[in-house]
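**Q** Top line first, the protein sequences correspond to chains A and B. Residue 168 in our numbering sits at position 168 of the first sequence, with consecutive numbering throughout. Residue 19 in our numbering sits at position 19 of the second sequence, with consecutive numbering throughout.
Just so you know, these hints were derived from the structure itself, not from any lab. Every residue, glycine too, gets a C-beta built ideally from N, C-alpha and C. Be a bit skeptical, because a hint or two may be false.
[Said to hold, decoys possible] Here are the computed lysine to aspartate or glutamate pairs in the EDC-like style, where the Cα-Cα straight-line distance is at most 16 angstroms:
| id | chain 1 | residue 1 | chain 2 | residue 2 |
| --- | --- | --- | --- | --- |
| 1 | A | 177 | B | 113 |
| 2 | A | 177 | B | 110 |
| 3 | B | 109 | A | 122 |
[To be verified] Pair ranges (Cβ atoms, derived):
| id | chain 1 | residue 1 | chain 2 | residue 2 | range |
| --- | --- | --- | --- | --- | --- |
| 4 | A | 189 | B | 137 | 35 to 43 angstroms |
| 5 | B | 131 | A | 110 | 19 to 27 angstroms |
| 6 | B | 75 | A | 112 | 41 to 49 angstroms |
| 7 | B | 94 | A | 93 | 48 to 56 angstroms |
| 8 | A | 136 | B | 137 | 54 to 62 angstroms |
| 9 | B | 4 | A | 189 | 20 to 28 angstroms |
[Unchecked claim] Derived, one-sided and incomplete: chain B residues facing chain A with beta-carbon distance under 8 angstroms:
| id | residue |
| --- | --- |
| 10 | 31 |
| 11 | 120 |
| 12 | 165 |
| 13 | 166 |
| 14 | 168 |
| 15 | 171 |
| 16 | 172 |
| 17 | 173 |
| 18 | 174 |
| 19 | 175 |
| 20 | 178 |
| 21 | 179 |
| 22 | 187 |
| 23 | 190 |
| 24 | 191 |
Residues per chain, in single letters:
2 protein chains.
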Amino acid sequence: MEGKIITVSREFGSGGRTIAKEIAKRLGIPYYDKEIIKEVAEKTGFNPEYVEEAGEHAPGKSLFSFGLGGSVGLSTSDFLWAMQRQVILEIAQKGPCVIVGRCADYILKDNPDAVHIFIHADMDFKIDRVVRLYGESEKKPEARINDKNKKRAVNYKHFTNREWGKSQNYHIALNSKALGIEKCIEAILAIVTE
Amino acid sequence: MEGKIITVSREFGSGGRTIAKEIAKRLGIPYYDKEIIKEVAEKTGFNPEYVEEAGEHAPGKSLFSFGLGGSVGLSTSDFLWAMQRQVILEIAQKGPCVIVGRCADYILKDNPDAVHIFIHADMDFKIDRVVRLYGESEKKPEARINDKNKKRAVNYKHFTNREWGKSQNYHIALNSKALGIEKCIEAILAIVTE
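Could you build all of it, start to finish, from the sequences and the hints given here?
**A** Put into structure tokens, the structure is as follows:
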């Protein structure tokens, strides 16, 4: 496999981001996560928190619409999607990198240099990580995790018309609880490097 | 990962069976595929071809029902499912092995020694393999592949209430076109052996 543009989609709490970051570090290639949000914010003038929130939420859920050019209605989420897509395509043009989330697997599905990865885990593993890394919140961790992952799935479905987490959308899908974070990193590196 | 009971689910044409057979060979552990059909046929008295066909078809599609004990109706497919499940549980009791298809991932989902794998591929790769390995048929290869995989998905949904091919049902899911058959074998062996 020649591909060195690695997209990592992940369930909230699965450690997918940690895996992605470590892969970028070990391969010595750029890592894009919040950087995408920053670029979209700069391009659009929206504040980064809003871009971050909107980028993983289903459109129409918590976003208002605004009209562009009278009768032509472009929703904020569609506009942000278009901007985000453009930023991701530009990043991929620059060369090898790791891109986390934001439907990058779909946006780069026809890029022959891209390898698409999905990381998921059992609920107990996700709860443990979320509480440890993000602390407690009013909402029970399981509800928080389910809520977040459901939003990601709905958002993905809306913009890609595909099922989030379906094996066929990725080259490699791994369960980080069963394999362990380190083994996931090693397996992915073994596959993407000749 | 301690697991050495390896279940391999696969799209028709993806090379999943080849991968499964090779893993069993390299690990020196038994490989179960047609053997399950033979055992079910022996237990039930049905002929092996019928068991094979029924085991991957959605119930009610091409199967007739027969009554057991008057008003108690047990469909043939439900009866075969129960027998097949029993055979798979017995096989897993015996120790390390590779089991192909037949919802073994679901049947052994609570077995802590089991590793569940899903193999899929792009359509052009599947067409090439199917034509090369199974020859031409009246039906176009793409229709043949889609038909077979659809039946597997419907059968899986009926008996497990889960989505066939959903990453979360497996520990490892790989695209055999992108990675290549040999790389899939190596990656799986690297993960399942410490």
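**Q** Hint by hint, note whether the structure agrees.
**A** Tested hints:
About 14 angstroms separates the Cα atoms of residue 177/A and residue 113/B, which keeps this hinted pair within 16 angstroms; it holds. A threshold of 16 angstroms between alpha carbons decides the hint, and for residue 177/A with residue 110/B the separation of about 14 angstroms falls inside it, so the pair holds. A C-alpha spacing of about 12 angstroms is found between residue 109/B and residue 122/A, which places the hinted pair at or below 16 angstroms, so the restraint holds. The hinted range of 35 to 43 angstroms is satisfied by residue 189/A and residue 137/B, whose Cβ atoms lie roughly 41 angstroms apart.
Take residue 131/B and residue 110/A: their Cβ atoms lie about 25 angstroms apart, and the range 19 to 27 angstroms holds. Our hint of 41 to 49 angstroms for residue 75/B and residue 112/A holds, since their Cβ atoms are close to 47 angstroms apart. Between residue 94/B and residue 93/A the CB atoms are about 54 angstroms apart, so this pair conforms to the stated range of 48 to 56 angstroms. Against the hinted window of 54 to 62 angstroms, the Cβ-Cβ separation of residue 136/A and residue 137/B comes to about 60 angstroms, which satisfies the hint.
For residue 4/B and residue 189/A, the hinted distance range of 20 to 28 angstroms is satisfied, since their beta carbons lie about 24 angstroms from each other. Residue-level restraint check for residue 31/B is violated (minimum Cβ-Cβ distance to chain A is 22 angstroms; threshold 8 angstroms). Checking residue 120/B against chain A: minimum C-beta separation of about 5 angstroms stays under 8 angstroms; hint holds. Given the 8 angstroms rule on beta carbons, the hint for residue 165/B holds: about 5 angstroms separates it from the nearest Cβ of chain A.
Interface hint at residue 166/B: satisfied, since its Cβ lies 6 angstroms from the closest Cβ of chain A, which is below the 8 angstroms cut-off. Of the supplied interface hints, the one on residue 168/B holds, with its beta-carbon coming within about 5 angstroms of a beta-carbon of chain A, less than 8 angstroms. Hint status for residue 171/B: holds, given a least beta-carbon distance of 4 angstroms to chain A, under 8 angstroms. At its closest, the beta carbon of residue 172/B sits 6 angstroms from a beta carbon of chain A; the interface hint therefore holds under the 8 angstroms criterion.
Among the interface hints, the one on residue 173/B holds; its C-beta lies about 4 angstroms from the nearest C-beta in chain A, closer than the 8 angstroms criterion. Because the smallest distance between the Cβ of residue 174/B and any Cβ of chain A comes to about 6 angstroms, under 8 angstroms, the interface hint for this residue holds. Restraint check, residue 175/B versus chain A: the minimum CB separation of about 4 angstroms is within 8 angstroms; hint holds. Interface restraint check for residue 178/B: the shortest CB-CB distance to chain A comes to about 4 angstroms, inside 8 angstroms, so the restraint holds.
Hint status for residue 179/B relative to chain A: holds, with the closest Cβ pair at about 6 angstroms, below 8 angstroms. At a threshold of 8 angstroms, the smallest CB-CB gap from residue 187/B to chain A is about 5 angstroms, leaving the interface hint in force. Taking 8 angstroms as the C-beta cut-off, the interface hint given for residue 190/B holds, the closest approach to chain A being about 6 angstroms. Hint status for residue 191/B relative to chain A: holds, with the closest Cβ pair at about 5 angstroms, below 8 angstroms.
Taken one by one, the earlier hints fail for this structure only at number 10.
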